[in-house]
Structures are given as structure tokens and as C-alpha cells.
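Q: Sequence:
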Amino acid sequence: MEFYSMEEIGFILDEIMEEMDPRLFRDLYGGVNLSPKEKLHPKRLADDYYILGEYVRDGMSSYIMIYYGSLQKVYSYVNKNQIKEKLQELLDHELTHHLEYLAGEKDLEIEDKLSYAEYVQKHLEANNE
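So the sequence shown is numbered by the numbering used here: it starts at 1 and just counts up by one.
Hints may be right or wrong, so weigh each one.
Claimed, not checked - Quick list of the computed label-pair ranges, beta carbon to beta carbon:
(1) Pro36 - Leu124: 30 to 38 Å
(2) Met6 - Asp107: 16 to 24 Å
(3) Ala117 - Ser61: 24 to 32 Å
(4) Met60 - Lys122: 32 to 40 Å
(5) Ala126 - Asp27: 14 to 22 Å
(6) Asp107 - Ser76: 25 to 33 Å
(7) Gly59 - Asn127: 18 to 26 Å
(8) Leu24 - Glu125: 22 to 30 Å
(9) Lys106 - Ser5: 32 to 40 Å
(10) Glu125 - Met60: 20 to 28 Å
(11) Lys106 - Gln82: 29 to 37 Å
Said to hold, decoys possible - Computed list of lysine-lysine pairs in DSSO-like fashion (alpha-carbon distance at most 30 Å, straight line):
(12) Lys73 - Lys37
(13) Lys106 - Lys39
(14) Lys106 - Lys37
Quick caveat, the hints were computed from the structure, so don't treat them as lab data. Backbone N, C-alpha and C fix where the C-beta goes; we use that ideal spot for every residue, glycine too.
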């Protein structure tokens with residue numbers, strides 16, 4: 001099965017956002033953007049830890065960037081219902097970062113750091129076997 005085109009992924013993201021409460025996007029001045037790039041985590045231990053999306057605060061603006069190339073690497077096997085579900089989860093995750101920033105919270109940021117620590121632990125265990 002061939003992965004969805006960037007245009008198709010953009011259309012699915014638009015569908016998802018249209019179904020969401022517009023208040024979730026308050027103060028997200030740069031909106032949600034789709035980049036053709038794939039992005040690997042800068043602290044990865046191998047070429048296996050892709051960043052699918054990120055919440056970016058850039059001076060006076062904030063936006064969400066979704067990386068089409070990373071989606072293509074990680075979700076090449078999924079069907080349309082599954083990709084919509086994965087994109088919904090991704091958008092929810094990044095919007096939670098945005099909302100927590102507005103509220104002065106960091107719970108998801110901490111959760112992401114724990115997820116990275118689990119990734120490192122799995123690599124260490126795999127190398128010791």
C-alpha cells in the first residue's frame with residue numbers, strides 16, 4: 001500500500017480540525033502547518049526516533065508543525081481510518097502542549113521526557129543482550 005500524499009494528509013488534518021472546538025486553537029497564531037520534512041529526534045541513539053509533530057513557540061508566535069516525512073516513515077502501513085486516528089492523537093498531543101503552555105503547566109512535557117527515557121532504556125537493554 002502506498003502512503004498518502006502530503007495533500008491527502010493535509011486534507012485529513014483539515015477534517016480533524018473542523019470537528020474540533022475552535023477555542024482549542026486560541027492564541028495559536030501560526031496555526032497548524034504541514035512540512036514535507038522528516039525530523040529525527042536530536043538526541044536519538046539510532047535513526048529510529050522520529051518527531052511526528054511539535055508545538056513551537058517562536059518569539060511572538062506559536063504554531064504546530066506536523067512532519068509529513070516522519071509520518072511517512074512511521075505510519076507507512078496504516079489505512080485511512082487508522083491514519084485519521086493517528087493524526088487525531090498527534091494533533092491532540094500538540095494542542096495539549098499549547099494549552100498547557102497557556103496555563104503554565106508542564107505535565108505533557110514531563111511525560112515526553114519520560115517517554116524519551118524509556119526509549120533510551122530499551123536501547124541500552126537491547127545492546128546488553
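Q: Name the hints, by number, that the structure is in violation of.
A: 2, 5, 7, 8 and 10
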